[in-house]
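**Student:** Using the sequences and the accompanying hints, generate a full structural model.
Quick note, the sequences are listed as chains A and S, same order.
With our numbering, the residue at position 278 of the first sequence is 279, and numbering never jumps.
With our numbering, the residue at position 60 of the second sequence is 61, and numbering never jumps.
Quick caveat, the hints were computed from the structure, so don't treat them as lab data.
Treat the hints with care, as some may be off.
Which copy is meant is left open, because identical chains are indistinguishable; a pair holds if it fits in one copy or across any two.
Heads up, simulated SDA-like pairs for lysine to any residue below, C-alpha to C-alpha not over 20 Å straight-line [as the list claims (entries may be wrong)]: (1) Lys29 - Gly164; (2) Lys29 - Ala224; (3) Lys29 - Gly226; (4) Lys29 - Thr163; (5) Lys29 - Leu223.
Residue strings, one per chain:
Protein chains: 2
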Amino acid sequence: MPDDYLGVSRYFCAKHLAMEAEFHRWLKETLPGHPRLPVPVGDDAALLQLDTTGCVVAVDTISDEVDFELRATDPRRIGHKALGVNLSDLAAMAAEPVACVVALMLPEPNAAELAREVILGMLPLAEEFDCPIAGGDVHVWTHPLALTVTVVGQQQQPVQRTGARVGNKIAVTGAFGGSILGRHLDVRPRIREMHTLRSRCEVLAAIDCSDGLSLDLDRLALASGVGAEIEAEQIPIHPDAQRLSEKTGRTPLQHALTDGEDFELILAIGADDAEELSRRTSSQATQEPVAAPLSIIGQFVEPPGLWIRQPDGSRQPLIAKGYQHGS
Amino acid sequence: MPDDYLGVSRYFCAKHLAMEAEFHRWLKETLPGHPRLPVPVGDDAALLQLDTTGCVVAVDTISDEVDFELRATDPRRIGHKALGVNLSDLAAMAAEPVACVVALMLPEPNAAELAREVILGMLPLAEEFDCPIAGGDVHVWTHPLALTVTVVGQQQQPVQRTGARVGNKIAVTGAFGGSILGRHLDVRPRIREMHTLRSRCEVLAAIDCSDGLSLDLDRLALASGVGAEIEAEQIPIHPDAQRLSEKTGRTPLQHALTDGEDFELILAIGADDAEELSRRTSSQATQEPVAAPLSIIGQFVEPPGLWIRQPDGSRQPLIAKGYQHGS
Chain A
2 MPDDYLGVSR
12 YFCAKHLAME
22 AEFHRWLKET
32 LPGHPRLPVP
42 VGDDAALLQL
52 DTTGCVVAVD
62 TISDEVDFEL
72 RATDPRRIGH
82 KALGVNLSDL
92 AAMAAEPVAC
102 VVALMLPEPN
112 AAELAREVIL
122 GMLPLAEEFD
132 CPIAGGDVHV
142 WTHPLALTVT
152 VVGQQQQPVQ
162 RTGARVGNKI
172 AVTGAFGGSI
182 LGRHLDVRPR
192 IREMHTLRSR
202 CEVLAAIDCS
212 DGLSLDLDRL
222 ALASGVGAEI
232 EAEQIPIHPD
242 AQRLSEKTGR
252 TPLQHALTDG
262 EDFELILAIG
272 ADDAEELSRR
282 TSSQATQEPV
292 AAPLSIIGQF
302 VEPPGLWIRQ
312 PDGSRQPLIA
322 KGYQHGS
Chain S
2 MPDDYLGVSR
12 YFCAKHLAME
22 AEFHRWLKET
32 LPGHPRLPVP
42 VGDDAALLQL
52 DTTGCVVAVD
62 TISDEVDFEL
72 RATDPRRIGH
82 KALGVNLSDL
92 AAMAAEPVAC
102 VVALMLPEPN
112 AAELAREVIL
122 GMLPLAEEFD
132 CPIAGGDVHV
142 WTHPLALTVT
152 VVGQQQQPVQ
162 RTGARVGNKI
172 AVTGAFGGSI
182 LGRHLDVRPR
192 IREMHTLRSR
202 CEVLAAIDCS
212 DGLSLDLDRL
222 ALASGVGAEI
232 EAEQIPIHPD
242 AQRLSEKTGR
252 TPLQHALTDG
262 EDFELILAIG
272 ADDAEELSRR
282 TSSQATQEPV
292 AAPLSIIGQF
302 VEPPGLWIRQ
312 PDGSRQPLIA
322 KGYQHGS
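**Tutor:** Quick look at the structure:
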């Protein structure tokens, strides 16, 4: 007699325990060992051997229909994004990756294959940033794919959002806008850029840009209790913003300011440091190969709020927006 | 002009960013501060100040339709369960809780209220086990509620599944069976019981019982490369198993062996230690108030596999099963 008193849902879970066991076997065989992970994958929890006692933890869920479209996307790119967005959070805190754990909500059919593909999509990024997968949880259901990655990093002195002061310069890595054309899947966490920058100057505050340059800059300014003024001409605009602009009729600058999912860093650094960095950069024939270019786009100012200065010297309030504009 | 090139899904996300911001504000106001969390909630990542460099991480997702039924359940109990199952994993590793992070997939409508209720359901357990909520991620969608909790603990010498040896006794906390009658929501993580036990004897291996006593015992035995033999008479059977038995026609013992979601610990301890513990327990008028009773239910044996010994001395193979029985 089947245990129907347990209800259909319990069966559903029951039915997939074998898949879960198989997935854990596959994980054990597939995941490379790592000296920071003395306990093999598959125990009740993972043991991570840190070098310090400052443990930095970020968690983010991405799901089908919201953050990607499974039917149109290689699952490996989805795996890459799920890990990448979390590493980007570690980058903003200047933390060094230690390891990650992955919780998968898998739709039927082909849940097992999908699980393997998303994990395989994470592995190159995990290796590149020395952030091994230490364990995982799989859950099969009749609803869309969702991936929750938790990354653990280490850092005794993380950079926070609260440290920007009036007179500091606003710096950004990379370029902005139009990520929806596909770049949002190919997150490049700015871990090394933050590390290099911090070896050269004091980084006073940082945030990663996931919801839009104007919105995330506003968040950083608010958390620090200051305002922010950016120079329209100085915003690094991604070629994707230009391409998208041709379809939408909005300007490339508008896209750069509001699209989001650029996963670049917005940083506060002292004015003297910014000048010194600019001098170095312009005197060097080549950037370091790992580094996204750094641009100074404005400064933190006294009055709260966001401002944009046009090439003619005029200054207007800038409305912080990103994904919010649909609301 | 709405940015309809972003697609409906992006709007969906956009529409809820305001809710997310509001939720983060509420979290900041609601979550008590904690000396181990020097960075306020709401930065790119959480900073956890550990006492050691041995960092233990567990992650588990629970979802509507699989692990609970939202329409029939107080959301606070769901929050309690989501944190409880993870603390139970830490208990099995003998790790001390440090903090947790929470990722919520929220159905409409009333996503914001639901988010607050599940968090409020976690707080008493978080306080009791000194495991503050350090941060969270919310995601609103048109699908069922799912909660992924990641707990971070600390322990330089965790107990693993691999340490059971032939001749060791099999000990369990608490009683088994019938958790589906409601107890599965009221997880009592055996953190203190493990701590107390470890102060009295060497715990050689452990696993938490989520999928069924026979199945999880089999997992522990397999991981340790030994077999396990249990005494039918010694299995502590929960009154819920008795009650459920009256409905199902299966014996209370069958329920105890296979139902799962008991969230008790299965442990391997040396034979001498087991004898000493039994002597102490029987000579004490009262158990410590925090401690679930400990029972010795059998021993680890040479031949691989699971065995059950009946009161008449006969021994049969025991099929490891739990949630798998539907497959």
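**Student:** If a hint holds in the structure, say so; if it doesn't, say that too.
**Tutor:** Hints versus structure:
{"no.": "1", "hint": "Lys29 - Gly164", "verdict": "between (42 Å within a copy, 18 Å between copies)"}
{"no.": "2", "hint": "Lys29 - Ala224", "verdict": "between (42 Å within a copy, 12 Å between copies)"}
{"no.": "3", "hint": "Lys29 - Gly226", "verdict": "between (48 Å within a copy, 16 Å between copies)"}
{"no.": "4", "hint": "Lys29 - Thr163", "verdict": "between (41 Å within a copy, 15 Å between copies)"}
{"no.": "5", "hint": "Lys29 - Leu223", "verdict": "between (45 Å within a copy, 15 Å between copies)"}
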